[in-house]
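Peer 1: For the sequence shown, this note's numbering gives the first residue as 102, with consecutive numbering after it.
Careful, some of the hints might be misleading.
Derived DSBU-like pairs (lysine-lysine); straight-line CA-CA distance at most 30 Å [stated by the list, open to error]:
#, residue 1, residue 2
1, K442, K511
2, K687, K579
3, K691, K628
4, K454, K381
To be clear, the hints were calculated from the coordinates, so they are not data collected in a lab.
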Amino acid sequence: MTEKSTFKKKMSIASPDPSAKSVLISVSDKLVQSALVDQLQRCYVEKIHLCDPDSLPDYITATSPEAIFAGVDESAVEMIAAARRVRFDGAIVAVVSEKNREAAKAVARAGADDIIIMPAREIKYDIIVEKLSIAKKPRQGAVDLLEKFLGPISQGAILLDRNREMIFLNKSARDILNASSKKEAFEFIRKRCPEGFFERIRTKQSAIVYMDVKLPDSSGHKLLGLEGNYLEADEGSNTYLILLHDFSEWKRLDQLRSSFITSLSHRMRTPLTSIRNVVKILTGSDDPAQNDRKEKLLGIGWRNIEKLISNLDELQKIFMIESEEMNVCRTVYAVRDEMDKLLENLQDNNKVKGYKISISDSMIFTEGGRLADFVTSVSAAYGVWLDEPPFIEISSSIHEETDLLGNSGKKLNIYLRPRTNGRSRYSRESFRDFLSFDEAHRGLVMERIVTALNGKLKISRGNTITLSIPLDPPFERKKDLIHPLHMMIERADISNAHFCLVDISLSCVAAERQYYSDLLLRCLMAKTGSDGVISRSEKDSNYSLFLSGWEIDKVVSTMREIRSLMIEVSRGRGDEDSVDLHWEIKFERKPGVSSPVLDDIVFTTLC
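Construct all of the structure, not just a fragment, from the sequences and the given hints.
Peer 2: Right, here's the structure in full:
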């Protein structure tokens, strides 16, 4: 059988694609050019244009091809860039000789979609042409999925295919553009978008443009923002996603903000008005017979003053937490002991009528002031919810969590609940709804504190609040080093006292590290008291001790006592020679000596 008859047989078996494909060949080598034409004709490519590489941009504009077959030479990378500059977003196929593999890698990096190494088998051309056929069809699976999610959302969304033809727009986009049809919306996008909008989207993967739109049947205008994104697919069916931002919708945010301000103003104005009226009545009457009434008015005024101060305190907490002005110093915190002191103080001040603690004797590194503020805020919220000081029950548990990367970490769960009778529990709204609606500012304060503690907050149906915080958080330079250093040097300046910074390291076997770390921390807390702040260091089982009012001799003698105690405990446990304690005074400043720049201490002395 001759070659001609073989070719006829192939043509009789294959069925031509009804959609004509347009291809531009830009190859200097005439033999390669001829071979490409022959193979593409065999694949039923009906429109084949030839051009010189130097004239490629002009031919792209004139012929609008679906694909470019470009020869690889010294100017191949520049040629690909030139094609993209004239907004060509079709396929670029690099044609390279078998001996020039490095050039093939270069054009692939430059943005070529496919590579043909000559001489190529016929199946390679079949695959490339099939990709062109797929590219001309709408993206079925991807578009269907996008339409499913974009259809019901309130933000306007438009999908364009790689040739910038409209595929889909949701109802919100139609309403925003005041378009009655897909065609009208497409014409709006085509006419109003700047020339380089889609070029910027394709090259940078995203772009934003703003435009002022006149409203129909009125003289009003609205500002629109069009955010374009380029979605690439493995099968070559790339898509433009245009998101419409209607800035007139910001009026809703303004209304919400106004509503919030009005509600806040009401909370402040009501007690202030009450206090003003009380003062006016009390100062406007000298009748002795009105003493009973005056006492009642004084009681009303006092309660409203307390309420006003409470509201201002909550707002101040929110501001100070968000601006990181409230206790960003993280130090060791003995949970059971500190909670007992806190709740006892709340009971003495009639904030709670009693409490029960069932907390494990654990220690964590955290912002103790924020944790105390959280418990105080919860107790106050329970009091408002119950209309009386609550009896607080507090307990804890420790559990281990594993994240998506396989990293595990222990969490401390602290549970707070009010002791209530059954009638009280079911006759009022849930505590969760109470913090969401009636006392939303209290719920906001709790959320802010929990976020600052790197924790999570949960309110159960039984009105129990659960705070989950890291038991062994990672080292943070600002919280564990810089802020404690600033705070303790300022304290030493105020009292004209000595200041020392001690670096402590603990050496022991891994199995006993937790036990001896807890022992060391308890000794440090007992010995230093309120004169010291203990923080974590970057290395495991290393700590920084900031001391105000301690001279060198006292530091040395105290550390020797702690070391001797730990060795004695180790021997008593039968762990002789398994633990050792090292310390070094990293920085000292005597009273009356001008302080060096704190940042210099942190980043030179300590690092």
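Peer 1: Evaluate each hint against the coordinates.
Peer 2: Hints, one by one, checked against the model:
no.: 1; hint: K442 <-> K511; result: holds, 25 Å
no.: 2; hint: K687 <-> K579; result: holds, 18 Å
no.: 3; hint: K691 <-> K628; result: holds, 21 Å
no.: 4; hint: K454 <-> K381; result: violated, 35 Å
When each numbered hint is compared with the structure, a violation occurs for hint 4 only.
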